[in-house]
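Make a model of the complete structure from these sequences and hints.
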Amino acid sequence: MAAFEQITIAPGLTFDALTAGEAGAPLVLLLHGFAESMHCWRAQVAALAAAGCRAVAQGQRGYSTGARPDVSDSANYHIDRLMDDAMAVVAASGYGDHRFHLVGHDWGGSIAWALADRFPERLASLTVLSRPHPNAFNRALQMPDGDQAHRSRHHRAFLEPGAADLLLADNAKWLRERLAASGVPASAIETHLSVLGNKEAMEAALAWYRARGAIRSPLGPIRVPTLYIWGDADDTVGRIAAEGTVDFVAAPYRFEVLPGVGHFAADQAPDRVNELLLQHVAAHAV
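Residue numbering for the sequence shown follows my numbering, beginning at 121 and increasing consecutively.
Be careful, since some hints might not be right.
Okay, the calculated beta carbon distance ranges per label pair [to be verified]: (1) A145 with S314: 23 to 31 angstroms; (2) E310 with A353: 17 to 25 angstroms; (3) P281 with D217: 37 to 45 angstroms; (4) P240 with G214: 15 to 23 angstroms.
If you're looking for bench data, these hints aren't it; they were derived computationally from the structure.
Yeah, the Cβ is synthetic: ideal placement off N, Cα and C, and Gly gets one too.
This is the structure we're talking about:
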C-alpha cells in the first residue's frame, strides 16, 4: 500500500508524495498533470512496488501546499523550475546521481520529455502518457487542418483573468464534467478535487500555463528508451501529434494506442497502463 510522505528539497519547497517499495530499489519517479493530482498514479505506485521498484509519485509545485511559491511571479512556475523540482526530489529520495525510471502524464509528460532531453544519462527509461514529444505537438499545432489547435484551445482560456473562479464555479462543475467525460471514476474525481478544488491550488496550477512554460524551442532527439501511451479517444491530443512522436526519438521506442481511452489513461485504464509500464521498466533495468 502506498504511503503519504513529504519531501523537502529547499526552504519553502516541501512536496507531498505517494510512495511505495523498498528504499534503494530501482527508483521510478511519476509526474502528474492537469487537472489531476499525484493520486492518478495510485495503481501504478502499488504495481511498481510489487514488482520490486521504489515508486515516488510527486505532488507537483503548486499542488503541494508546502511547495506553492508566489503565483504573481510567473518565473516561479517556469518549466525549468518544474524540472529542477523533479531532479531535487530524486536526490532527496536518496538517489543522488543514480539512474532512474521516469513517468509523466500531460504537463508531467512535458517535464519528462524535457528531462530526457537534458539528462539522458540519468534515465534508464522514459514513459509518457498522452503528451506527445513537444516537437511533434508543436508541428501538429501548425497543421493547416487546425485539428490540434482546436483541441488545445483551452490553453488560451486558462490565461484569462478569473479562470480559476470559472473552473471552480458551481462545485467545480467544469472540472467534474471534463474528468467524467474522459472516463475518470467518480471516486478519483473526488480525490483529485480534494487537492485541486480550492482557489489557492487552482491559481498555482494555472500559473504553469501563465508562465508560458510549455516547450516552444525544439528539443533534440530523445536518446532514452521510450514508451509512449496514447488513448485514441483523447480529446486534447490528436492522432497526427501522437503518431508523429516517433520522428523525435532516437532510441528504442514503443508506441501503444489504447482504443476508446481518453486523456487520463492512468485513471481510466490502470491495469493496461500497469502492464505496459512494468514491461518497459523491466526491459530497461537500471
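Hint-by-hint comparison with the structure:
Taken as a hint, the range 23 to 31 angstroms holds for the pair A145 and S314, whose Cβ atoms sit roughly 29 angstroms apart. Taking 17 to 25 angstroms as the suggested C-beta distance range, the pair E310 and A353 conforms, at roughly 23 angstroms. Distance hint check: the CB atoms of P281 and D217 are about 43 angstroms apart, consistent with the given range 37 to 45 angstroms. Our hint of 15 to 23 angstroms for P240 and G214 holds, since their Cβ atoms are close to 22 angstroms apart.
When each numbered hint is compared with the structure, no violation occurs for any of them.
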